Amino acid sequence: MWLRVGCELTFDIEVPTPFILMLRPRSGAQQWVERDEYKISPNVPIFEYADDYGNLSQRLVAPPGRFSIHTTADVKIDDYVTVNPGAPFIEIQHLPNTLLSYLLPSRYCESDRFNDMANNITANQLPGYDQVAAIENWLRNTISFIPGSSDFPISAIEVNNKQMGVCRDLAHLGIALCRSLSIPARMVVGYLYNLNPMDMHAWFEAYVGGSWYTFDATQTDPKGGYVAIGYGHDAADVAVFNQFGPAVHPINQIVSVERIEG
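Mapping to this note's numbering: the sequence shown position 111 is 111, numbers consecutive.
Hints were generated in silico from the structure; no laboratory data involved.
As the structure is a prediction and not an experimental result, all values here were calculated from the model.
Glycine residues also receive a C-beta, built at the ideal position from the N, C-alpha and C atoms.
Among these hints, one or two may not hold up.
Unchecked claim - Estimated spans, in silico, between C-beta atoms of each pair: (1) P45 to G86: 30 to 38 Å; (2) S256 to D112: 19 to 27 Å; (3) S101 to P127: 15 to 23 Å; (4) P64 to H94: 19 to 27 Å; (5) N252 to V61: 31 to 39 Å; (6) D112 to P63: 40 to 48 Å; (7) P250 to N84: 21 to 29 Å; (8) N124 to K39: 15 to 23 Å; (9) G28 to R259: 19 to 27 Å; (10) S256 to D116: 20 to 28 Å; (11) Q163 to R35: 23 to 31 Å; (12) N97 to Q163: 33 to 41 Å; (13) D116 to R35: 18 to 26 Å.
Claimed, not checked - In silico BS3-like cross-links for lysine-lysine, where the CA-CA straight-line distance does not exceed 30 Å: (14) K39 to K162; (15) K162 to K76; (16) K76 to K39.
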């Protein structure tokens with residue numbers, strides 16, 4: 001399917017404020033970006049670079065006053081996410097070097113604290129994809145997905161204690177559980193078609209059977225419609241914007257995803 005995705009952010013800036021943005025999707029194995037548009041107002045110098053994860057990031061200094069960012073992109077993606085029950089666990093010694101860091105605890109995913117819990121959730125499952133599917137199903141049935149219930153990232157331990165959270169929070173717990181079983185897992189942030197309420201979305205991917213697979217406990221079926229803009233160990237790596245200096249928050253944020261003819 002073809003999707004047109006977009007995000008508009010507006011700020012009131014009091015002093016010159018450095019920003020790092022992550023709002024531009026890149027083409028890859030699961031998506032093709034045919035066209036994209038990136039506008040800022042007022043116009044200031046902007047510098048783009050690829051971060052350590054390959055995410056396209058933009059640096060700029062916003063001047064005092066009203067400051068707005070508008071992005072849109074036309075992206076071709078699969079109609080359904082790929083599922084692969086039975087895909088095997090990859091032994092650590094056979095993993096690519098670039099994936100080893102996705103086995104380790106990170107700021108919001110304390111995987112070293114979840115081994116017993118993960119083993120209980122995945123008991124009697126084949127090592128690999130089936131374990132991750134069991135984790136996804138456990139999250140869906142155990143942790144309440146409540147949009148708007150968390151304004152800032154919380155860790156996997158906090159999510160498990162609260163038994164509720166936003167999409168980002170459920171992803172953190174899923175990642176921690178996977179890593180505790182020595183399955184590489186990463187956070188993804190982007191857009192999701194037909195998400196209700198519409199907003200930026202977060203899910204996680206796990207590496208089994210030689211490929212990354214999408215898992216999202218906030219949805220009831222493996223539908224398509226995912227457009228990724230950022231990958232990382234957890235939410236600390238994939239914020240759509242980071243600003244430095246006196247705190248500023250969007251006075252307006254509009255996210256849109258619509259299906260178009262290719």
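Do the hints match the structure? See the list:
In this structure the hint that P45 and G86 lie 30 to 38 Å apart at CB is violated, the actual value being about 51 Å. Look at S256 against D112: about 40 Å separates their beta carbons, and that is not inside 19 to 27 Å. Distance hint for S101 and P127: a CB-CB separation of about 21 Å, consistent with the stated range 15 to 23 Å. Checking the proposed 19 to 27 Å range against P64 and H94 shows it is violated: the Cβ atoms sit about 54 Å from each other.
Range check, N252 to V61: Cβ separation about 21 Å, and the 31 to 39 Å hint is violated. At roughly 44 Å, the beta carbons of D112 and P63 sit within the given window of 40 to 48 Å. Take P250 and N84: their Cβ atoms lie about 38 Å apart, and the range 21 to 29 Å is violated. For N124 and K39, the Cβ-Cβ distance of about 53 Å falls outside the hinted range of 15 to 23 Å, so the restraint is violated.
Hint check: G28 to R259, Cβ distance near 20 Å, so the stated range 19 to 27 Å holds. In this structure the supplied range 20 to 28 Å is violated for S256 paired with D116, their Cβ-Cβ distance being about 43 Å. About 42 Å separates the C-beta atoms of Q163 and R35, a value inconsistent with the hinted range of 23 to 31 Å. N97 and Q163 have their C-beta atoms about 37 Å apart, which keeps the hinted 33 to 41 Å range intact.
Between D116 and R35 the beta carbons are some 49 Å apart, a value that contradicts the proposed interval 18 to 26 Å. Annotation: proposed proximity of K39 to K162 is violated, straight-line Cα distance about 39 Å (limit 30 Å). Distance restraint check for K162 and K76: the Cα-Cα separation of roughly 37 Å exceeds the 30 Å cut-off, and the hinted pair is therefore not satisfied. As the CA atoms of K76 and K39 are separated by approximately 22 Å, the hinted pair is consistent with the 30 Å bound.
Violation of the numbered hints given earlier is confined to hints 1, 2, 4, 5, 7, 8, 10, 11, 13, 14, 15; the remaining hints are satisfied by the structure.
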